[in-house]
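Engineer: Take a look at the letters that make up each chain.
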Amino acid sequence: MVDMKMPILIVDDYRTMLRIVHNLLAKLGFTDIDEASDGSQALAMMKGRDYGLVISDWNMQPMTGFELLKSVRADQHLKATPFIMVTAESKVENVVAARQAGVNNYIIKPFSAAVLKAKLKTVLGEF
Amino acid sequence: MDDLLNEFLAETVEALELLDSELVELEQRPADPALLGSIFRIMHTIKGTCGFLGLPRLEAVAHAAEDVLGKVRDGELTVSADAVSLVLAALDRIKELIAELAVAGQEPEGSDDDVIMSLRDMAAGKWAAAELVAEAVEEPADLPSVDGLYQRIGGASLFDTACEQACAEMLSAVSDHPEAETELLHLQFALAGAFASALTGSSDATADIDGVIAGLVAKGWSPQELHMLRDEFGKALATLEVADADVAAVLSRFNVAAAKPAAIAAPAAQEPVMADEPIVAEPAAAKPAPAKRVKAEEPAAENAQAASAAAQSQTLRVNITVLENLMNMVSELVLTRNQLLQILRGVGDSPFAAPLQRLNQVTSELQESVMQTRMQPIGNAWSKLPRLVRDLGQELGKKIDLVMSGADTELDRQILESIRDPLTHMVRNSGDHGIEAPEDRREAGKPEHGTIRLSARHEGGHIIVEVSDDGRGLSTSRIRAKAIQNGLATEAQIDGMSEQQIQQFIFRPGFSTAAQVTSVSGRGVGMDVVRTNIEKIGGAIEFSSTEGQGSRFVIKIPLTLAIVSALIVECRGERFAMPQSSVVELVRISSKSQQGVELINGHPVYRLRDRLLPLVALSDLLKIEEAGDEPPQEIYVVVTQVGSFAFGIIVDRVFDTEEIVVKPTSRTLRQISLFSGTTILGDGRVIMILDPNGIAAATSGSAQSEARARDEALAASRQQRETVSMLVFRAGDDNTKAVPLSLIARLEEADLSNAERAGERTVMQYRGSLMPLVGIDGAPARRDGKHPILVFTEGERMCGLVVDEVVDIVEGSLDLQLVGGAQSGILGSSIIAGRSTDVIDTVHYLRQSDAAWFDLETREAYGAESERRVLLVEDSSFFRNLLMPMLKMAGYRVTIAEHAEAALEICRDGDEFDIIVSDIEMPGLSGFDLARTLRAEERWKDVPMVALSSHASPQDFERGRRSGFNDYVTKLDPRALLTSLSRVLSTDEHREETAA
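As given, the protein sequences belong to chains A and B, one line each in that order. If you use the numbering used here, the first sequence corresponds to residues 204 to 330, in order. If you use the numbering used here, the second sequence corresponds to residues -8 to 987, in order.
Hints are computed from structural coordinates only; laboratory data are not their basis. Honestly, I wouldn't trust all of these hints.
Rough simulated footprint, nothing fancy, chain A against chain B, three-plus residues with beta-carbon under 8 Å [to be verified]:
hint : region
1    : 34 to 48
2    : 151 to 158
3    : 226 to 233
These numbers were taken from a predicted model, which means no experiment stands behind them. Where is the CB? At the ideal position from N, CA and C, for every residue including glycine.
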């Protein structure tokens, strides 16, 4: 079972997107959601707190989601953190690259709560 | 959700502004991956966010633009002007939609197919020429609507997720299936893309469903497996909350059976294509590029941006009204503080002194901090300019670089808003009128690229903004012609003006130099509006230009409007604040002498150095009743400058200058334009702040405009007659008098003891004949000792005017304020060397010396035995007054016309003239025009005409002759005129006789 109280970190440099993802997660029943505005901030936050899931935008500045993913996977303590990449570009080669870098799944923007839920299920299991 | 929409709007508008300038930069630096990445990212984010918010139009436009940018990023398209224009067009559409969204809360109805189709053509590499746009507009009719089923049930992410689930199910169900995970991923994408293509009709999908199925068949998938895939896909859709009917509609596209014949009919030859193409979306070579490029942008930008990101998290968004309120309250606090300090000053030793001192300090700091929150970098007002210049260059076929410096210079946002439009207008003007076409620049030996420079810097309590270009500069001749054409000045007035003065005409209302009204400039907003707007906020604008090298505007604006320095004045016991920025100087006039205050047409003016300064009494303006007590011993004139219009405001007392907090006038008083606001003085008194613009407006149309016109005429004529030499002398009383040097034959000094007194006359031997001597009163001179004598001659005769002292010979202007008449011996008065000086009438003295004898003799001298009728056309009163008595004395009957039009009227009324004497430079029709017109009329074709001009070069002479003048003489030499008249008339008679 998925712990609905587990801390989730969402990362996006567009505030509107952060709010949208935040709202969708809340709708699915998650209660502990932190936000970061880019990869480096997210990395710093992850070092300070154990997150049950990271949902990160791919395209950010200065540190992209892809860079964040690689840093997370390269870090002994963080590498097991489930990581979902959000992208607006449905390009198979990007997804393949992300998979190779160790992403658990990806979501193409825009998405509904149902889609998010389906994706979360593939990563976290039934809930 | 409304909140979310608002946040989206604010964030997106910000992003779009950045995008505008970045795109323009991209055109200049197409190879910059960081720049490209940043632009792509913004468009990408907009697209992504719009999908969530249910904004299909915005999403579709952003998507299409992103595709083009993506192709550029991937190296499939090059950055061309067309590509940038197209993306900018998309950007414009997005802005329009955003604007409507902000107003209505939802996207407006309508289609963006025009923009989208053009972008798609561009992305597909089909962009060749402009006709594609027209073609593309037609196309959408055949295509199914984009926001149909596909978008409604969830779009790309839904299909992607459904395909993912279906493929995952396939993988687990058919464990011995040869497909590896990565290949399933490819299948998943191919399938999702195929559905997108099938359901939206868009051309950017990689394959159609039939193609995907055929590919699977070719790879050895069995029909059962295909059915299974189809079923899993349907199940996945259902779990994603898609309605059954919609699932059926989607699945109907997945026609397993239909694929078979295609696969069979196209066996071996098609197979490899099928195997590769539909499943692997893009050519392999292009693939690694995006990832690499994304990486490439990182190292360069990382450090700086890490820092800025850190800074970003330190900022907080605050609503402007909150800041405005805060500012207001701080103003109140400042005023209260001032009052407290005032009270404290009266008390002396007080226990409140120390805490008040602290309060004072903290208040000042608080005020400064709050002011700081209102500060914005001036770059915010510039953000649209690169785009504007770029579009301008495209539209006009010019190459223009915009160089901006000092964009981080901060100033009050209120001021920022008010200079945004003027600056935009000026930059547009520079691009439109200033910068030349590339070929013209090459010819002029300049680089093809013109440069517009925009800079800002702090200087004292002001911001200096400069807009300059290296274009053609202002063509003075064109300004001159335009000014005359638009009736802003007469040819005569403008003749002697310096280049700099003529250039200032660009700030006059109704002036536009563009020979052709382009779509860019010339929309009726001129530099006068720019100047007005800048002056409204207490700023000033200066202009300089060198023809062929460019133009430069320098704008000086205050840092803030909330607190200004003001002069406190008093009128009838009431105090008023006058913004210091418009106060030029203060003049104190003792009421006893009131020296220098004169009346022109009943309106007071003050001679301040060499200017006539219109005066207006504040008490009259505000209609404050006399307090009843004695009129003040002295009055103060606050010399005020509004634009080019200087005037004096008469007040009773002048106090100190104070830093005042400007508070808006209450609503009931707001329509009174004389006040710009209110403030509270240190002693708690509420006083009104005078608005110099309002006062100028309220008084013009009466005394002010008249005095102003007069003043301008004075200034103009000063310029025009710059070559007039005047002899300044003293005679009779202490006042100086003057006479044009050209009217003096000689300057002598003689001992009057040697003069002979013959009856009523005083004469002296001079150059072999007797010369009558007169005093300044016109009577025969009765004095002894050595005196300077001004010798006037007329024909063979002369007279000597005995004066006390020759003061000077000045090279000066000559414009007469008419007084008296020929009788008084004074033509009028003129400002010479800053003083009002009487100009004497030489003819008067010649006549006085011996009227009867003189008259007779002159007539003989010029052969004017019978009275000739002369029409004198002359717009200058000075020259009319100079020439008319001269002509009359020479025996002509003179009719005056003040301008060429009047002359024509008189001529056509049936009057007969023996000769016409006409000035050349006149407002309206010139003398040349008059001559040509009259020469075309039967009755006047042979009447002799003599041209008068203040300058007579051989070219002028020739031009006059071609227009029909018989002779051409200079105005300043009346003798030459008389000689010319008699010569022309005798020739004319001779000719008539011969003809008879």
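Engineer: Hint by hint, say whether it matches the structure.
Structural biologist: Structure-based check of each hint:
no., hint, result
1, 34 to 48, "holds (count 9)"
2, 151 to 158, "holds (count 4)"
3, 226 to 233, "holds (count 4)"
The earlier numbered hints are all upheld by this structure, with none contradicted.
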